[in-house]
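Asker: Chains as they are written, first to last, in this note's numbering: chain U, 1 to 492; chain B, 1 to 117.
Read the hints as simulated data drawn from the structure, not as lab findings.
Any given hint could be a false lead.
In the DSSO-like style, the derived pairs of lysine-lysine whose C-alpha atoms are separated by at most 27 angstroms in a straight line are [to be verified]:
{"no.": "1", "chain 1": "B", "residue 1": "Lys6", "chain 2": "U", "residue 2": "Lys108"}
{"no.": "2", "chain 1": "U", "residue 1": "Lys43", "chain 2": "U", "residue 2": "Lys192"}
{"no.": "3", "chain 1": "U", "residue 1": "Lys93", "chain 2": "U", "residue 2": "Lys216"}
{"no.": "4", "chain 1": "U", "residue 1": "Lys108", "chain 2": "U", "residue 2": "Lys68"}
{"no.": "5", "chain 1": "B", "residue 1": "Lys6", "chain 2": "B", "residue 2": "Lys43"}
{"no.": "6", "chain 1": "U", "residue 1": "Lys93", "chain 2": "U", "residue 2": "Lys108"}
{"no.": "7", "chain 1": "U", "residue 1": "Lys216", "chain 2": "B", "residue 2": "Lys25"}
{"no.": "8", "chain 1": "B", "residue 1": "Lys25", "chain 2": "U", "residue 2": "Lys108"}
{"no.": "9", "chain 1": "U", "residue 1": "Lys68", "chain 2": "U", "residue 2": "Lys154"}
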Amino acid sequence: MATVLVIDDDRATRHMLRDAFRDTGLTLETSADARGGLSAAAKSRPDLVLLDVMLPDMSGLEAFQSIKRLDARLPVIFITASGTSDTAIEAMKEGAYDYLVKPLDLAKVRELVQQALEMRRLMHVPVSLPGAAAESQPADPMLGRSPRVLEVYKAIGRVAPQDVTVLIRGESGTGKELIARAIYQHSPRSDKPFLAVNCAAIPDALLESELFGHEKGSFTGADRQRIGKFEQCSGGTIFLDEVGDMSPLVQGKLLRLLQEQRFERVGGNQTIQTDVRIIAATHRDLEAMSNAGTFRADLYYRLNGFTIIVPPLRERGDDIVLLLERFFAQFARQLNKDVQGIAPDALKLLVEYPWPGNVREMQSAVRRALLQTTGSVLVADALPEEIRQGVRRDAAPATDAAQGPIERLIDERLRAETRDLYAEALGAMEALLLTRVLRQTGGNQSQAARILGITRGSLRNKIHALNIHIESVIHLEDTIPEAEEAAAAPAP
Amino acid sequence: MKQEPKTCNLSAALARLGGNVPLLKSLAGFLDEDAPGLLRRLKSAAEQRDGDELHRAAHSLKGLVINFDAERAAGAAERLERIGSLGDWGHAEEGVREMEEALATLGQELKMELARL
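Chain U extracted, bound-state conformation:
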């Protein structure tokens, strides 16, 4: 159970927070002054501190520095009654987690506290690798003995001690965050903060501000200065999940950060120097995105310095049974189910299922199946429908790199050991685009030119160069070989 320490001389605030976290499973401790708070922090080792900016016996910043000396990774959320509190902003620069402005909105307080506690958990709960000494405290285990997973463990061990950027690649649900945490926890920065940012979960407009901060008045709604994660986490490690979902603008700023460890806040002129290690992750095909111009090639090369590929579950052989056994035991215990085992027909279905959602899907499926189970054995009928239907193992999930005519063309040309793939792929892409649009317009070139934003003359030239015949426009798949021919012998 997590413990939250509130240090605030305003008893109304302490009362309000006690009320907000009643029946939430959190333990709340309170102190009306800094000295009492510091003593409570040393004694009860809280998971989070809510700290008033102005205390009777010490400034909030001094109290914050003492807390940091006690535990550099302890998240601290400042509480201030002023919207322009310099102290809170200074504290953010020094690594405070965030700050709340009075009057407190209890729903927002709860949300922020949950986020901070999750961050604390990511930093604090060790990720245990197989073969490591048994942990004296609860750990998030990384399971698996298959050769490809053993390669992942080795890569973690090799790269963790080095202060380099790491790119973790793998399908959704393969455990990329666990790997990022394992790298952090085994790195020389393990006593410094770790922050995780899911780039796909934050709208483009906000992501830049979230990462780099902003100056007051830099955009509508920027009513005060905000310190971004890169500044806040100086000395620590940032995990950028779903890095392939960043907008080009943020990609550019991230590239500079990786090159120089310098950046400017949104709307600011002052160059900020920081010192963060970046661990990035994505399920996207960054090479394809970089070729298509949606992900900066220079950023891709920077991120790609050390890459860990996490295999999908369907390629992990006997790990499937190992993980099934683990989750079965874990959830049977959690759900208080006296289920002795998995029936052979259910086990066969579970082993043969391709697990497109990987480990995360398996956890959910086993839990759901146990909830459905009434007897002493988990039977096939209790399994989720998609598993009962027995989707073929080769019905692998859609990935960016295994779809559509362009991808097929790329695969074919790679097999043919081409030396002109860039031009070939662009030509095929152009042919695909033009045929799609011409089909949409029923072959009307004027309309197609308008949709494409090019002149009719330019369109005519491209149709000619790519050997697109208007009568064949509706047969999309047939145009690719033509495009391939055209690309193989580009028009002058």
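Given chain U's structure and the hints, the job is docking chain B onto it.
Answerer: Frame of chain U, contents of chain B only:
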């Protein structure tokens, strides 16, 4: 046209507390109990020209009244915070008087409004 600062806005305050009326009433109780002592500290600090103490007491009062969106009282507290920080003693007496009046009005209005909830 500039609007007069509000004495309080309990519907906004209640929304922030998730509609918890007993909690709002208990916050009003804290204000009722703590404001007189803080006001005495303000007066004494202004008399003794103790800027730090004036700033601290005004800050504490602001923290209490802000829970009710009491713009007038919070504004008065903020002005006193500045007076304390800058040592602007020429405005201290007037500032304390303004604070006292704002607190009295807020107390009356809170009593009426809370009785309706």
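Asker: Out of the numbered hints, which ones does the structure contradict?
Answerer: 7 and 9
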